[in-house]
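S.K.: Based on the sequences and whatever the hints tell you, model everything.
There are 2 protein chains.
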Amino acid sequence: MHDWITEVVFDAHGLIPAIAQDAATGQILMVAWMNRDALLETAATGRAAYWSRSRKRLWRKGEESGHVQKVSELRLDCDGDVILLKIEQVGGIACHTGRASCFYRRLDGDASEASWTTVDPVLKDPELIYK
Amino acid sequence: MHDWITEVVFDAHGLIPAIAQDAATGQILMVAWMNRDALLETAATGRAAYWSRSRKRLWRKGEESGHVQKVSELRLDCDGDVILLKIEQVGGIACHTGRASCFYRRLDGDASEASWTTVDPVLKDPELIYK
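First to last, the sequence lines map onto chains Z and C. Numbering-wise (our numbering), the first sequence opens with residue 66 and increments by one. Numbering-wise (our numbering), the second sequence opens with residue 66 and increments by one.
One or more of the hints may lead you astray.
Identical chains blur together in the list; that is why a pair holds if it fits in one copy or across any two.
[Stated by the list, open to error] In silico SDA-like links for lysine to any residue, alpha-carbon gap of 20 Å or less:
{"hint": "1", "residue 1": "K121", "residue 2": "G111"}
{"hint": "2", "residue 1": "K121", "residue 2": "D76"}
{"hint": "3", "residue 1": "K121", "residue 2": "A77"}
{"hint": "4", "residue 1": "K189", "residue 2": "H132"}
{"hint": "5", "residue 1": "K135", "residue 2": "G174"}
Think of the hints as simulated: they come from the structure by calculation, not from any bench. If you're wondering where the values come from, they're calculated on a predicted model, not measured in any experiment.
M.R.: This is the structure we're talking about:
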């Protein structure tokens with residue numbers, strides 16, 4: 066049972082980074098952390114669950130916002146220490162800022178004079194998402 | 066100068082995870098770590114440089130293999146603690162196993178009986194890559 070989890074390399078805190086990628090478009094939506102329980106639950110239910118480092122508890126993505134992630138594929142990298150989730154993002158919003166993706170800032174300009182530019186729009190006011 | 070780097074949140078070890086994504090196809094190729102110097106060099110040169118945790122030194126991707134990564138875009142996530150690189154992978158091989166991507170293992174089967182299946186081919190023998 067669950068032999069596959071023995072091939073997953075958790076860090077000193079018992080965590081592994083997990084990348085959520087839109088299965089249809091390839092857009093990278095977010096990176097969060099999983100512990101063993103979160104990964105087992107994700108594999109069993111097909112809904113992404115993470116470990117919230119700030120709240121120190123299992124975080125079923127969408128539990129407050131309704132923005133559940135339906136997992137179509139789980140992948141593991143060569144070193145076994147990063148998980149990739151291919152998902153369908155219900156509601157089209159993965160980020161707590163109300164954007165599709167957490168990666169909405171782009172480095173623009175030459176290196177020494179560069180700055181992070183916000184290039185993706187807020188799709189829904191977070192105050193309306195987290196009531 | 067370099068004000069942008071003050072918005073990047075490095076961890077207790079001075080590192081940040083960096084995802085390399087094929088700019089043309091959206092395929093996720095690898096995840097590695099950067100320290101401040103690696104990120105500054107990447108931004109300045111347009112070639113991906115990482116911090117090798119195993120070798121404890123700056124690692125210019127492709128320095129041995131020739132499989133350089135040309136960076137077209139750098140992104141930062143909402144928490145400032147993950148970097149996304151959109152790249153062109155010279156040679157088409159990012160993984161040290163000789164595969165296009167490090168994420169070549171897929172979880173197949175029901176959760177309790179599942180296993181990691183290698184689903185992507187070796188494109189070039191690693192012994193020929195790392196002479």
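S.K.: Would you list, in rising numerical order, the hints stated earlier that this structure does not obey?
M.R.: 1
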